[in-house]
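Asker: Each chain, letter by letter, is given below.
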Amino acid sequence: MRFIEHPVLEFKKKRGKKISFTYNGRKIECYDSETIASALHASGIRILSKSSNLLRPRGFYCAIGKCASCIMTVNGIPNIKTCMTLAEEGMKVESQEGLASLQNVKPRKGKKQKMETEIAIVGGGPAGLSAALEASRYNKVVLIDENYTLGGQLIKQTHKFFGSKKQRASVRGIKIAEDLCEEVSENKNIKILLNSSVIGYYNEKGHNLAVVKDNETLIKLKTEKIIVATGASENTLVFENNDLPGIYGAGAVQTLMNVYGVKPGDRVLMVGAGNVGIIVSYQLLQGGIDVLCVVEALPKIGGYNVHAAKLRRCGVPILTRHSILKAYGDDVLKGATIVKLDENWNPIEGTEKDIEVDVICLAVGLSPSIELLRQIECSTKYIPELGGSVIIHNKYLETEIKGVYTAGDCSGIGEASTAMLEGRIAGLSAVLSIKENKKVENSREELINDLENLREGPFGERPRIGKEKLFKVVK
Amino acid sequence: MSYEEDGILELKDLNLPSEERLKKGPTAIIECIENIPCNPCVDACPFNAISMEKITDIPEIDYEKCTGCGTCIPVCPGLAIFVVDVSKEKAVITIPYEFLPIPEIGDKVKALDRKGDIVSEAKVIRVKENENKTNTVTIEVNKELGMIVRNIKVMK
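Chains A and B, in that order, are what the protein sequence lines are.
Position in the first sequence counted from 1, then plus 8, gives you the numbering used here.
Position in the second sequence counted from 1, then plus 465, gives you the numbering used here.
FYI, nobody ran anything at the bench for these hints, they're computed from the structure.
Some hints could be false.
[Said to hold, decoys possible] Derived pair list, reagent style DSS-like, types lysine-lysine, alpha-carbon separation capped at 25 Å:
| no. | chain 1 | residue 1 | chain 2 | residue 2 |
| --- | --- | --- | --- | --- |
| 1 | A | 74 | A | 221 |
| 2 | B | 593 | A | 183 |
| 3 | B | 573 | B | 593 |
| 4 | B | 477 | A | 20 |
| 5 | A | 173 | B | 598 |
| 6 | A | 271 | B | 618 |
| 7 | B | 618 | B | 608 |
| 8 | B | 593 | A | 173 |
| 9 | B | 519 | A | 403 |
| 10 | B | 477 | A | 308 |
| 11 | A | 183 | B | 598 |
| 12 | A | 228 | A | 213 |
| 13 | A | 173 | B | 530 |
| 14 | A | 20 | B | 598 |
| 15 | A | 173 | B | 519 |
[To be verified] According to the in silico footprint, chain B covers these stretches of chain A (three or more CB under 8 Å from chain B):
| no. | segment |
| --- | --- |
| 16 | 12-19 |
| 17 | 157-169 |
| 18 | 305-313 |
Here a beta-carbon is modelled for each residue, glycine too, at the ideal position from N, C-alpha and C.
Same shape as in the complex, but just chain B (with noise of 0.2 Å):
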C-alpha cells in the first residue's frame, strides 16, 4: 500500500542525508513530501538550510547548513519534521509532541514508529515547553531506530 492510501510513509518516501552525512551528528528530518501551499519551516531556519522556491515547493534541506539544532520542529504545522542523530552509540530523536501529559526527562516512555506501533522503550533526555503549544521531546532509542521511531507514548 501507498502512503496515498494509508497514510503511512515509507523510508523509500523520504529524501533522506547520506549515511556520510548521518554519521557527522544531528540534522533535520522533513517528512512532507506533497506539494502542499505552506513555507514558515524556511523562514523559520536560523541557519537558512531550508530552501523552497514557490510556496507549494516540497521543502529541501541543505544538509551541510542544518546544525539540527530543531528550531524549524514546532513551526512546521503539520508536523513533520524530526531532528535524528546516530552519530554515537544510541540513536536520538527530537520529534513534536502535543499530547498530555508532558513527559520528564529521565522518564521510560513507548517508542511509536510511523505506524504507531510500539517499537521499543525510549529514554526522554530532553523536553522543550513551546509557547505554542507544539513542545519538543528528546528520546534515546538503539541506534537501528533512528530511522523508524517518530512518536511517543508517555504512561500515566
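So that you can see chain A by itself, here it is in the shape it has in the complex (with noise of 0.2 Å):
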C-alpha cells in the first residue's frame, strides 16, 4: 500500500524511522513521520471505527481533523483523532464504536500558561504563513496551527500553480509549502504553536484566546489583534451507501498519497470534475493507481481545460451530466452504480452502469470553516459563491469586529494563490489598524491590486462575484 517510487516527490527522507504500535492487539509496522491513521491505512485496514447509533463501519475521510470517523483509543484516553496524532514507538491503539465513555479515564494534570501577543494568527496554511510573513516584519505574532507541521493542505499539492511569477507561478505547491513554512519558521518575531487547538475566545479586556497545546497545557493568549485562517472543509454527498469505508474526500487522498506516499486503493471513481477533481485524478494517475472515470453531474466540466486535456490524453473518461446512484459493499466499498442525468438533473432509467472500484473520491466543493468566527460573534451571509456561509468582511479582509480578520478559505472559497494573497492583506491590515503607515497602506494596496487580477476571466467569477456581494453588506 506503499509508493516505492512516485514521479514528483521522494519519500526516502521524508519517511523517518521505523518503528511499531498495536493495533487491537496487532502489532503494526509504521514510520514516526505520520499519523497513527495513515499506518493503518497502510497495513490494509480499512474500518476505522463504528457509528455510534447504527454501528456502522466508518472509514479514513477527511485525514485532516474535521470529520470524527477515524477516532480511536490510544494509551487509553478515548476519542483521540487518529488522522492529526503521530505514531509513537508503543502506543496502545484500539478501536472504539461510536463515541468512548470518559468514565473510566483518569484525569492527567495539565499546565497552565500565560502568553501576550500583538497579532494572533489562527491557522497555519497558505493564508495564515502568508499573513505571519507579512505582519511580522512589523509586530509580534503568535501562528496557532492545530496540525503537528504547518502548511495546512499546500503540503499535499504536487501541482505547479497557475498566476505570475509573483505569485510563484510555475512552482509545485508542495515547494511554495516548504519555502513558506522555513521562511516562517527562521522568523524571531513569529512565534508557532503547533498541536495546538483555539477552544474558544473571550473578550476581557481585549481579545483572548483559551489555546489547548500538546493536549495538556492550557494557554490563555492576549493578543491585539486576531487574524483568522483556518480554511475549510470537504462537502459530501447523497448517495446510498455514501459512508462505506473506501469513499473519501479527494483532500483525504491527497494526504494519504502525496504526505505519506500511501496508496489509497487501486480503482478508483472520481465524483465532480472541478479543478480539485480533475487534479487528484491525475495525481492518482502519477502514483500508479487507476481512475476508472470522474462523473460530473453539471453539464460542463468545471475545472480548467489545460487539466482536463491533461487527464483525458491518459485515457481517462469525463462524464459530465452523469452521477453517482449508490455505492455498495458489505463492510467497505466494492463497487458504485453510476446514471447519466437528463436536463432536469433527474437519473434517465436504463443508463445505471457498475464499475467495480475500491475508491471513491468526493470532490463537490468545500464549505469554510468558520467556527472560531462565529463564536467570536462575527456576522455571517449566505453567499453561494463562496462555498456557503461566510464572515462578513470588507476589502481589507476585516470583520465587523474590531481588529478581527479572515483570509483564505475560510473567508469563502477560492484556491492557494489568492489564500495567500489574502492572508498579506490581512496581515497589513492588522499591522495598519495598530500604527498607521504609509508604506504599508502602498503595498496593501498593490496587493489587493494583484488578487483582483487573478479572479479576473470566467474563472474567477464566482470568487469575484461572491466578494462583490460580500463587500456590498458590510456596515
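Work from the hints to combine the two standalone chains into their complex.
Answerer: Below, the structure written as C-alpha cells:
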C-alpha cells in the first residue's frame, strides 16, 4: 500500500524512522513521520470505527481532523482523532464503537500558561503563513495550528501553480509550502504553536484566545489583533451507502498519497470535475492508480481545460451530466452505480452502469470553516459563490468585529494563490490598525490589485461575484 | 461534444501556425484556450515569442520568432505546450511527461492522441529530465500524426 517510487515526490528521506505500535493487539509497523490513521491504512485496515447509533463501519474520510471517522482510544485516552496524531513507538491503539465514555479515564494534570502578543493568527496554511510573514515585519506574531506541521493543505499540492511570477507560478505547491514554512520558522518575530487548538475566544479587556497545546497546556493568549485563517472542510454528497469505508474526500486521498506516500486503493471513481477532482485524478495516475472515470453532474467541466485535457490524454473519461447513484459493498466499498442525468438533473432510467472500484473520491466542493469566527460573534452571510455561510468582511479582510480579520478559504472558497494574497492583505491590515504607515498602506493596495487581477476572467467569476456581494453588506 | 463537455480539444479549437510555417521547422503549439490567470510561458520564452496583455489573456505565439526550442514546455503549469516539427519525413513531437518510468532514447513507446487512445508506436529520440520534475520527451511518429499525438505510454 506504499509508494516505492513516485514521479514528483521523494519519500525515502521524508519517511523517517521505522517504528511499531499495537492496534487491537496486532503489531503495526510504520514510520515515525506519519499519523496513526495513515499507518493503519498502509497496513490494509480500512474500517477505523463504527458509527454510534447504527454501528455502521466508518473509514478514512477527511484526513485533516474535520470529521470523526477515525477516532480511537490511544494509550487509554478515548476519542482521539488518529488522523491528527503521530504514531509513536509502543503506542496502544484500540478501535471504538461510536463515542467512548470518559468515565474510566483518569484525568491528567495539565499545565497553565499566559502569553501576550500583538497579532495572533489561527491556522498555518497558505493564508495564515502569508499573513504571519507580512505581519511579522512590523509586529510580534503568534501563529497557531492544530496540526503537528505548518503548511495546511499546501503540503499535498504536487501540481504546479498558476498565476504570475509574483505568485510563484509554475512552482509546485509542495515547494511553495516548504519555502513559506522555512521562512516562518526562521522568523524571530513569529512564535509558532503547533499541535495547538484554539478552543474558545473571550473578551476580557480586549481579545483573548484559549489555546490547548499538546493536549496538556492551557494557554491564555492575550492579543491586540486576531487573524482567522482556518480553511475549509470538504463537502460530501448524498447517495446510498455514502458512508462505506473506501469513500474519501478528495483532500484525504491527496493527504494519503502525497504526504504519507500511501496508496488509497487500486481502482478509483472520481466524483466532480472541478479543478480539485481533475487534479487529484491526475495525481492518482501519477501514483500508478487506475482512475476509471470522472463523473460530473453539471453539463460542463468546471475545472480548467488544461487540467481536463491532460487527464483525457491519459485515457480517463470525463462524463458530464453523470452522477453516482449508489455505492455497494458489505463492510468496505466494492463498487458503484453511475447514471446519466437528464436536463432536469434526474437519472435517466436504463443508463445505470455498475463499476467495480475500491475507492470513491468525492470532489464536490468545500465549506468555509467559520466556527471560531462565529464564536467571536462575527456576523455571517450565506453566499453560494463563496461556498456557503461566510463571515462578513471588506476588501481589507476586516470583519465587523474590530481587530478581527479573516483570510483564505474560511473567508470564501478560492484557491491557494488567492489565499496567500488574502493572507498578506489581512496581515498588513492588522499591522495598519496598530500603527498607521503610508508605505504599508501602499503595499496593501498593490496586493489588493494583484488579487483583483487573479480573479479576472471566467474562472474567477464565482469568487469575484461572491466577494462583491459580501463587500456590499459590510456596515 | 465540445471540449467543455468531455475535455478533449479538437484542431478547430486551436490556434495553429500556417502550413507554410510548419514546413519551415519546429514550433511550439500552445493548447491553452481559456482565460485562466496564468502567464509563466511569457516570461520563459528566450525569444519573446509569447505575449499576453492581461494575465487572464490567452497566450499568443509569434511563430516567426518561435524557434521550437521547448523552454516553455516544462514551465507551463497546465502541461499544455508541445513542440511539433513536421518539416521532415517524420513528425517529431516533444511532450511534457510527469510519469514513471522515464523512457530512454531508442525506446519504443505507445503514442496516444488527445483522447488517450493509442494511435501508433513511437520512437523516443530525446529525453530531458528537468529539475521541476516535468520532464520532456521527444518522439518520432508518422508525419500525418504530428497534430494528433499528444501523449505517450511507456510499457514497463
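Asker: Hint by hint, note whether the structure agrees.
Answerer: Hint by hint, here is what the structure shows:
Pair hint residue 74/A plus residue 221/A holds up; C-alpha atoms about 18 Å apart against a cutoff of 25 Å. Distance hint between residue 593/B and residue 183/A is fulfilled; the C-alpha atoms sit about 21 Å from each other, no more than 25 Å. Distance check on the hinted pair: residue 573/B and residue 593/B sit about 17 Å apart at the alpha-carbon level, within 25 Å; holds. For a cut-off of 25 Å, the pair hint linking residue 477/B to residue 20/A is broken: about 46 Å separates their Cα positions.
With a C-alpha separation of about 19 Å, the suggested pair residue 173/A and residue 598/B falls inside the 25 Å cut-off, and the hint holds. The hinted pair formed by residue 271/A and residue 618/B meets the criterion: a straight-line CA distance of about 21 Å does not exceed 25 Å. Taking the CA atoms of residue 618/B and residue 608/B, the gap is about 19 Å. The hint holds against a cut of 25 Å. Taking the CA atoms of residue 593/B and residue 173/A, the gap is about 24 Å. The hint holds against a cut of 25 Å.
Under the criterion of a C-alpha separation no larger than 25 Å, the hint pairing residue 519/B with residue 403/A is consistent with the structure, at around 22 Å. Note on residue 477/B and residue 308/A: the hinted pairing holds, with a Cα-Cα distance of about 19 Å set against a maximum of 25 Å. A C-alpha spacing of about 12 Å is found between residue 183/A and residue 598/B, which places the hinted pair at or below 25 Å, so the restraint holds. For the given pair, residue 228/A sits about 13 Å from residue 213/A by alpha-carbon distance, which is consistent with the 25 Å threshold.
Note on residue 173/A and residue 530/B: the hinted pairing holds, with a Cα-Cα distance of about 23 Å set against a maximum of 25 Å. Under the criterion of a C-alpha separation no larger than 25 Å, the hint pairing residue 20/A with residue 598/B is consistent with the structure, at around 17 Å. Between residue 173/A and residue 519/B the CA atoms are separated by roughly 14 Å; this keeps the pair inside 25 Å, and the hint holds. For the segment 12-19 of chain A, the assignment as covered by chain B holds, since 4 residues bring a beta-carbon within under 8 Å of that chain's beta-carbons and 3 suffice.
Figure legend: the segment 157-169 of chain A, annotated as covered by chain B; annotation consistent (3 residues with Cβ-Cβ distances under 8 Å, at least 3 required). Under the rule that three or more residues need a Cβ within less than 8 Å of chain B, the assignment of the segment 305-313 of chain A holds, with 5 such residues.
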